[in-house]
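Asker: Position chains B and C against the provided structure of chain A, taking the given hints into account.
Protein chains in written order, with my numbering: chain A, 1 to 161; chain B, 1 to 1124; chain C, 1 to 331.
According to the in silico footprint, chain A covers these stretches of chain C (three or more CB under 8 Å from chain A):
hint, stretch
1, 262–274
2, 279–288
3, 291–305
4, 317–323
Source of the hints: derived by calculation from the structure; they are not laboratory data.
Remember, predicted model here, so these are calculated numbers, not experimental data.
Yeah, the Cβ is synthetic: ideal placement off N, Cα and C, and Gly gets one too.
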Amino acid sequence: MSSEWEPRIVAFFCTWCTYTAADLAGISRMTYAPNARIVRLMCSGRMDPQFVLKAFRDGADGVLIGGCHPGDCHYQAGNYKALRRYTLLKRLISELGIEPERLRLEWISASEGDRVQKVMNEMAETIQKLGPLRLERAPRPARAKEHEREVIEIGSQGGAR
Amino acid sequence: MLETDGAPKIGVYVCHCGVNIAAKVNIAEVVEFAQKLPFVTVAREYKFMCSDPGQELIQQDLRAGKVNRVVVASCSPLMHEATFRRATAEGGQNPFFFQMANIREHVSWVTADGYHATEKAKALIAAAVRRVAVHQPLEKKRVPVHPHVLIVGGGIAGIEAALKIADAGKKVYLVERQPTIGGHMAQFDKCFPTLDCAACILTPKMTQVRVHPNIELLTYSEVESVEPYDLRNFKVRIRRKARYVNEDTCTGCALCADVCPVTLPSEFDEGLGMRKAIYRPFPQAVPNVFTISRRGTPPCQAACSIHQNAQGYITLIAHGKFKEALDVILRDNPLPSICGRICTHPCTIHCTRGTVDEPLNIPGLKRFVTDLFPDYKLPQPTVNRSEKIAIVGSGPAGLMCAYELRQRGYHPVIYEALPVAGGMLSVGIPAFRLPRDVINKEINRLKEIGIEIKTNTPVGKAITLEQLRQQYAAVFIAIGAHVERRLNIPGEDLPHVWGGIEFLRKVNLEGPFKLGKKVLVIGGGNSALDAARTALRCGAEDVTIVYRRTRAEMPADPKEIEAAEEEGVKMVFLAAPKMVLGNKETGVTALECLRMKLGAPDASGRPAPEPIPGSEFVLSCDAIIVTIGQVPDIASLGEKLGIETTKWGTFKVDDVTLETNIPKIFAGGDCVTGPDVVVNAMYAGKKAAISIDRYLNNFDMRAGREREGPYRTEYALDTSGVPVQKQIPMPTIELARRRTFDEVHTGYTQELAIAEAKRCLDCGICCDCRLCATVCEAKAINYEMEDEIREIVVGSIILATGFKPFDARRIPRYGYGKYPNVYTALEVERMTNASGPTGGEIRLRDGRKPKAVGIIHCVGSRDRNYNSYCSRVCCLYSLKLAHLIKERTGAEVYNFYIDMRVPGKAYEEFYDRMLEEGIHFIRGRVAEVTDHAMTPEEEGKLVIRAEDTLIGVIRRIPVDMVVLAVGLEPQADADEVRRKFYISCGTGGFFLERHPKLAPVQTFADGIFIAGACQGPKDIQDTVAQAGAAAAEVLSLIDRGFVELEPNTAFIQEELCSGCKTCIPLCPFSAISFNSDKGVAVINEALCKGCGTCVAACPSGAAQQHLFTDEQIYQEIEGVLSYV
Amino acid sequence: MSKPKVGFYWCASCGGCEEAVVDLAEDILKVAEAVDIVFWPVALDFKRSDVENFKDREMAVCFINGAIRTSEQEEMAELLRKKSQLLIAFGSCSHLGGVPGLANLWDRQAIFDYVYKEAPSVTNPEGVVPQEQTQLGSNGYTLTLPSFRDTVKTLGQTVEVDYYLPGCPPPVKLIVNAVTAILENKLPPKGTVLAPDVALCDECPRKATKPDKLALKELKRPHQILIDPEKCLLAQGLLCLGPATRSGCGAPCVSANMPCTGCLGPTSRVRDYGAKALSAIASLIDAEDEREIAALMEQIVDPVGTFYRYSLPASLLHRRVRHGRTGGAQA
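Isolated chain A, as found in the complex (with noise of 0.2 Å):
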């Protein structure tokens, strides 16, 4: 794989409007930036501002969330919610050290396939000109990989029901 360093962002798209718009793009071969990696999600309220961090610690230099335009939600409301939820946290990862722009909201209706490109295209462009955001890895005492251990636990778990 190439050498050099490639922004690396997820996204995290509702169902309704802006994963179809994903797929509308799609169909419509409109070719963006490969830099984001969709996460689907049902409705930008389900929007946990821990998987945000969790992104960021786990290498992502930038996230991007998708939702309905105001008053759109297939949810009546959930994209308010997200709205929320986000001013905040964009304070406080800036607080922390990160560039707000790495954090960006997006309402993208079912029929915007060309505005998911334009998105696309612009995040991956920002993150290039900020370069990769180094968070250092909070120390932990030697132990087997962590994420295979819990996945063994929760994958049996998760066989067992």
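Answerer: Same frame as chain A, but now just chains B and C:
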């Protein structure tokens, strides 16, 4: 189900999707990568995973126990998640041990280069693998589907769908906004390509809808709101707009329309024809009933204190229906010939015509009618009651009150102190403005209907108030304001200083007398002018009005001021009397005044006059009339039984009911308000009558009286394009005769009245003349009808709300609205229609047959400035119109097109036929339509300038008629509607289907379907097909009887919930409640729609969402980032 | 049989945790009865060398309070881990980083500059700052000080911890439960936080007064209003973090009109205390317009200090990001 204990065994299946994925993503590399991921036991690739063999691959591995969880990397889950879940289930595993990686829509189709595409695909697969490892088995929930169906829109799509569903025995509500169903198709004459008559194929279907037992037709109705009734069904509120005609009893006989005096452009005929205010869009309308167009109370009527229906009688006058006009007038006004002369007509202030040029002369028109029938009678009361009511004072307030009470059957008795009845009307207003016989006639009319008037009977002397109170069921005090205000300056008591009312009363009662040569009148109100003009008529040679402000501030009616000046009345402004000079013997000799200047506005909003010190000056005179207002003569009543009064010496009453503090006693008019205009006194009288009637019947005195008295109407009219035509002045007698007491204004002649009445703009549309009711044998008309709200529950909804044609005005260079002979296609459709405005004749505005016609294609379509999409139907309907025009007129027809788009069965053949018929086709977008002639043969023609791209020259084609083939656009309120129904709009603003190919009539909202042009431009053929599809979707739903819901609901682990209630207000569906016994929050699964908002907010992580648990999302995040 | 050996040690802490032990009152005698305290620098005179002389795992239990800030604290943590069977993080600081953890908003350099030079109370014209190595005169002795780390760690981020006793300081009730559990050998699975896994509202005396549908129209601070002693503090517009914080303390602060500041940390299901608390509070803000929302949020004076008062080092971000520095550690 297979055992899945122990570590998960994950199978990863990568789809080529033909070349769609394989061409970008290095499948082999991806599979190899997947192989190495934790818990992956099998990783395979296949050309088409969604195909049967593809799904079989998965099922084999599951059955063989090689895998117990499945990841498919292919297209979007919105596309095939269901497919693969089914496959997983058929493989014997819980369908939710499945996760999809979208490597087509989100990877291969949007990534420029193979390397990045492959890397991205790997990341998404890694994520899916981690996620599926922590999936849990889930059950789908079944919810019953309500069998009733709502269809919105009664065009051909709605009609077709309704009939299909109803024929299958299901209940359908068909809601249509217009008074009839039929939609645009009903406007067409012929349909392409078969040229069969639209009406012939549509109207039978419309009739079927009307008679179908399973269809409830709700026309002239709109959906107000759509709310979730339960998890899957809808509660819909429908507004049934008031028709003012009873749908069940109206027989459609059309007699009402014949008598209706109000005409306006017919929407159905695209404004080429006219319709009445009570109308039926077209003869075959369904339901075949009439509807009255009402915009609301006209501004004039609203502004009138007694809500005299001016538009009503004005419209009737305009149509020469004078008798009917009189009836309308007498509906609200027993003193019309008086009001017609001296009312200060607030109606004209708000007359919409005033915004164009000048308001109508409303009182003048009223007077005209009353003059025309000098001996008209007032309506006789239809009920009779025993109660007698005493009214003190026979001014307009007293008379009106008496009339209203009499009409309600009571027996009013009016006590009048003066020798004549009429109050100020008789003693305060000079005869040259209001002839005595006019007043007397009005009074006699009132007497004729049984109202008793006792003149020369002052209450307080002849009889006491207390006696009245004992002898009568109720008492209304309306003694007016007859006591002069005084100047309170030295010399005011000298001889020949008159009070204005004192003077006018003397003249009115005893006739003119010589009061002096040089007369000064002090004041600026109407009574000042009356006094001044009366003084002239009493032989004064020089009459001067002295006013402390300027002309601009004079409260008097400007018209009256002009009239006075014409007659020679002089005016001195900015002068205030300081003292009256003269002596007891000879009386006044002069008036000393102070110059004033205007200062800051006072309470009345007018600038307050301030004296300029030392600016004294003297005006010589031999008589002075002081008209600076009056106050009520309360003292004259003697003991007042403790009725409360104000510091201005007026009675204190309840604003709404006019009750005084003493039971049974009411008061109104000038004695409550202070000096005010006639119509307000009448208003008080009417108000008192209503109160007394309620009082005597023990009804609520206050309920529903908000709209009594003047108010402003909500709506404003668009008066653009109304030609200017000023008010027609009312004839007057020549100046020479203005020294007598002859009436100055002689009134309108019939011709003038009709001309003036025709200036009315029909603000309210229906003028409420109620002629229709007089001819309706079915008694179907109900002017009191109000909107109704209907609430229904349905399981499925089909939106078939159609389109609106592109507004050709938006492209000025094509000259629509500028050149009369530029038409839209729909207008020509109406012309070609035998039942249309021209009876099927294609004519220019001036009635000529066109010799050459140009049809311009793609107007508003395929044009970035307007709509970039192709409207699909224009080419073909243009061909059709070309054919019809040629057939009916023999004209040369030119089609200006960009590309001929005639795909579809028998369309190409149709096109060929038109070519053979000799219709001209010019390829190229039209630059402009102009009337600028460059050659003699272009004179008087419209020239179409376009490039003929086939021969590469600019051509100018002179034609008589231009037809604009306008495109199709979403309904103006499409966006509002889609919000109401929880769906989205696609590009161009048309409703968005769930999938362009595989779910063209479904939307992203379960149970809501779309059909016809609301989904995108399409012709009748396709619309009907789509309607059928939508009907099929609905029927299959109803027949199954239930739907399975995504089990992605939220749940709360009780033992972990602290009962902090954070989640409760966040749920838009009120699915969360607090269980106070357990002290925890509980989610009602039946109401939860699965957005997860509460989960994201739960501060202690006690709330979780199936299919989207925190852990699953964390895994996905780690996944996409673990590999880059 | 000999009584189990027990040790207490403090790292970067205020001493409050020791007070908590004393708060056991007469119970402390029972404890003294039951166990043999072999190491407790605050109270008794032991030396590091004594511990070094223990056999590995000689101590049954060792309680460590305070965050890990210096090299010495790291060494002691590792030493004590080695010498004891059970290592218990005692109090917010060792559990989550605690108040000292807020120092992770700066780094060593910034802290030294401020504390030894810039603080208004300091007079230090020569700009003397602590040195790790100091030559003592000519006799060749060198004095060595522990090195002050850039970043504060929790105990768990330093050595493997068996159990956590949360709180600032840990509530007596929880200490007693923990000790009994140990003595009776009734311990839960390793890594458990020894406190109820339900949020504070569960045992809050004001619980009943919280409205079902709360919408925050403004956020206030305790000194800005007259506090109703009965009514839910959030309902009074005070930023109470009880909903996001473990119970077990009996809500003494809330009972004393002080909103909960979250010293017992998150429940087991929450990965980042601050983010989760923020999510809950933000969701309840009663505004839908962007500007309105922002304005209301401005009333939260110090988001980090509010939501991470005790848990910045344990949070997902661990510390403020330092720029112009290479070598971030990615997965």
